[in-house]
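Asker: Sequence:
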Amino acid sequence: IKSYPDKHPFATDLDIIGNNSLYRLLDISVSEDGSQTLLNWLLNQNPNLKEIEKRQSIVKELKELTHFRDKLLLKTFLLSSKSFQKWQGKRVLNWVKQNNDTKEIKKVLNIASVMVISNYLLYFISLFNIAPNLWKISFVIYAIYFFMNDKFAKEFFKEAIDLQFELRKLNAILGYLEKFNYGKNKNLAEFCQPFKDEKIKPSNYLRRIKNLVASASIQSNPMIWLMSNAIFPWDFFHGYRLKKYKSEIADIIPIWLDKVFDLEAMISLANFADLNPDYIFPDLVEKIETQDHSQFNFKNISHPLIEENKKVANDFSMKNIGDSIIITGSNMAGKSTFMRTLGINLSLAYAGGVVNADIFETRLFRIFTCIKVSDSVTDGLSYFYAEVKRLKELLNALEKEDNLPLFFLIDEIFRGTNNRERLIGSQSLIQALTKQNGIGLISTHDLELVKLADTISEIKNYHFRDEILDDKMIFSYKLHEGPCPTTNALKIMRIEGLPV
Numbered sequence: 001i002k003s004y005p006d007k008h009p010f011a012t013d014l015d016i017i018g019n020n021s022l023y024r025l026l027d028i029s030v031s032e033d034g035s036q037t038l039l040n041w042l043l044n045q046n047p048n049l050k051e052i053e054k055r056q057s058i059v060k061e062l063k064e065l066t067h068f069r070d071k072l073l074l075k076t077f078l079l080s081s082k083s084f085q086k087w088q089g090k091r092v093l094n095w096v097k098q099n100n101d102t103k104e105i106k107k108v109l110n111i112a113s114v115m116v117i118s119n120y121l122l123y124f125i126s127l128f129n130i131a132p133n134l135w136k137i138s139f140v141i142y143a144i145y146f147f148m149n150d151k152f153a154k155e156f157f158k159e160a161i162d163l164q165f166e167l168r169k170l171n172a173i174l175g176y177l178e179k180f181n182y183g184k185n186k187n188l189a190e191f192c193q194p195f196k197d198e199k200i201k202p203s204n205y206l207r208r209i210k211n212l213v214a215s216a217s218i219q220s221n222p223m224i225w226l227m228s229n230a231i232f233p234w235d236f237f238h239g240y241r242l243k244k245y246k247s248e249i250a251d252i253i254p255i256w257l258d259k260v261f262d263l264e265a266m267i268s269l270a271n272f273a274d275l276n277p278d279y280i281f282p283d284l285v286e287k288i289e290t291q292d293h294s295q296f297n298f299k300n301i302s303h304p305l306i307e308e309n310k311k312v313a314n315d316f317s318m319k320n321i322g323d324s325i326i327i328t329g330s331n332m333a334g335k336s337t338f339m340r341t342l343g344i345n346l347s348l349a350y351a352g353g354v355v356n357a358d359i360f361e362t363r364l365f366r367i368f369t370c371i372k373v374s375d376s377v378t379d380g381l382s383y384f385y386a387e388v389k390r391l392k393e394l395l396n397a398l399e400k401e402d403n404l405p406l407f408f409l410i411d412e413i414f415r416g417t418n419n420r421e422r423l424i425g426s427q428s429l430i431q432a433l434t435k436q437n438g439i440g441l442i443s444t445h446d447l448e449l450v451k452l453a454d455t456i457s458e459i460k461n462y463h464f465r466d467e468i469l470d471d472k473m474i475f476s477y478k479l480h481e482g483p484c485p486t487t488n489a490l491k492i493m494r495i496e497g498l499p500v
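In terms of the working numbering, the sequence shown is numbered consecutively and its last residue is 500.
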């Protein structure tokens, strides 16, 4: 992973990043930049409906184009100088942008051109026996000036060869995208239009660089090279052309590369969709206009990182912005996993990918979670203080004016302090979370908190159940309405032989 914000609102909590993460599961990009693009989509804090729908439409088409996906990734893989090392496309862009100033070589070219013209004029005059030797002096001065500035001649040949080498490597990808017959895949064809545009398509630029390399190749024959530069400032002229060409292509290459990186990221999403035919593309809307429609509605939603034979699907929906759900249940009953299930599928949906559900209808949210809080020795933070700081960040995000409401997930609220203060703090925070521009879930073991639903209509209770059979804990992992009727902490202690 190249980069992500240190205090991201949900990256770690939802297992978007890490060794056994959604990002690791999805990413098949060959370039570092393609991987980074995918990660940026998964971690997007301000989803845009038009961007998501456009991306989703291309992913749907790519899902069916297995040969196209494999061939494009193979061609990208072959660009890497080292096996199993991701290709760094931005290196090409950085190289093209370097040393593109034309001012100095243009000045040298202008002076050399004046000298060459003077040589011709003086030679022509000498034919009439007027200053017969002056052209020789002029030519010597030109020769001295040429060799004083021979660095441009040396740079010209090297840069022309280097540019051809880099573009030939890129053309393995770009040429494939330029020549590919997109057929009925209109969204993909529109996305790849720059590769077919007559003004900026890659083959045109490769043709021009071939001509420049041919011009530079005379340096391999010293006699022809000397004669060419004696009668014309060959190296300076073509060196100036090269500088201008590099400057021009520096504006085009970002267009090509951004398309390639986006394609790689979308191929990762398409591959994931292809490997999971039971997953669906979500139905997304900007916002809910009517009061009788849920903010989101999920049927048989499951966690994409859980093994298929261990998954337990649930149905869930929430109707109004400002509502909060309190989830109670025994230890290991599935509260944390359920909340992560909602969050990770939202991340997938907003990236443009498929989700692990039978029905997935939702509006756009900003996502903020407080699940994997940990203490910090280096920062001198206890677990409880770290949790308080995280919840304050969540509250700030909730109170921030934004077109998108906040979707929040809080696991085991204030678990790091004593029972009395935890209850007081939890009651106050949950009340502060309701009736705001947000919607979310809070899990807890404090059954006293479920009473908040009796006085605050925006709060509702759900729970997970368990039972003990033959001294073994049995969990259904199914979500039920209402507060949890049982607890299991003492049962677990007795099963494990503690004196309780």
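Hints were generated in silico from the structure; no laboratory data involved. A virtual CB, placed ideally from N, CA and C, is assigned to each residue, including glycine. Possibly wrong hints are sitting among the right ones.
[Unchecked claim] Derived BS3-like pairs (lysine-lysine); straight-line CA-CA distance at most 25 Å:
(1) K50 - K186
(2) K106 - K186
(3) K400 - K435
[Claimed, not checked] Just the calculated beta-carbon pair ranges, DEER-fashion:
(4) E286 - G497: 20 to 26 Å
(5) K158 - N46: 41 to 47 Å
(6) P254 - N331: 48 to 54 Å
(7) L78 - K287: 41 to 47 Å
(8) I359 - D258: 23 to 29 Å
(9) Q98 - K287: 42 to 48 Å
(10) K186 - N331: 40 to 46 Å
(11) K158 - P132: 50 to 56 Å
Asker: Indicate, hint by hint, whether the structure satisfies it.
Answerer: Comparing the hints with the structure gives:
As the CA atoms of K50 and K186 are separated by approximately 17 Å, the hinted pair is consistent with the 25 Å bound. Of the pairs offered as hints, the one joining K106 and K186 is violated, with about 45 Å between alpha carbons and a cut-off of 25 Å exceeded. Only pairs whose Cα atoms come within 25 Å are accepted, and K400 paired with K435 is accepted, the gap being roughly 14 Å. Range check, E286 to G497: Cβ separation about 56 Å, and the 20 to 26 Å hint is violated.
At about 45 Å, the beta-carbon gap between K158 and N46 stays in the expected band of 41 to 47 Å. Between P254 and N331, the C-beta spacing of about 52 Å keeps the proposed range 48 to 54 Å intact. At about 46 Å, the CB distance of L78 to K287 agrees with the hint of 41 to 47 Å. Judged by the Cβ atoms, the range 23 to 29 Å given for I359 and D258 is violated: they are separated by roughly 34 Å.
At about 47 Å, the beta-carbon gap between Q98 and K287 stays in the expected band of 42 to 48 Å. At roughly 52 Å, the beta carbons of K186 and N331 sit outside the given window of 40 to 46 Å. At about 40 Å, the CB distance of K158 to P132 disagrees with the hint of 50 to 56 Å.
Violated hints for the displayed structure, listed by number in ascending order: 2, 4, 8, 10, 11.
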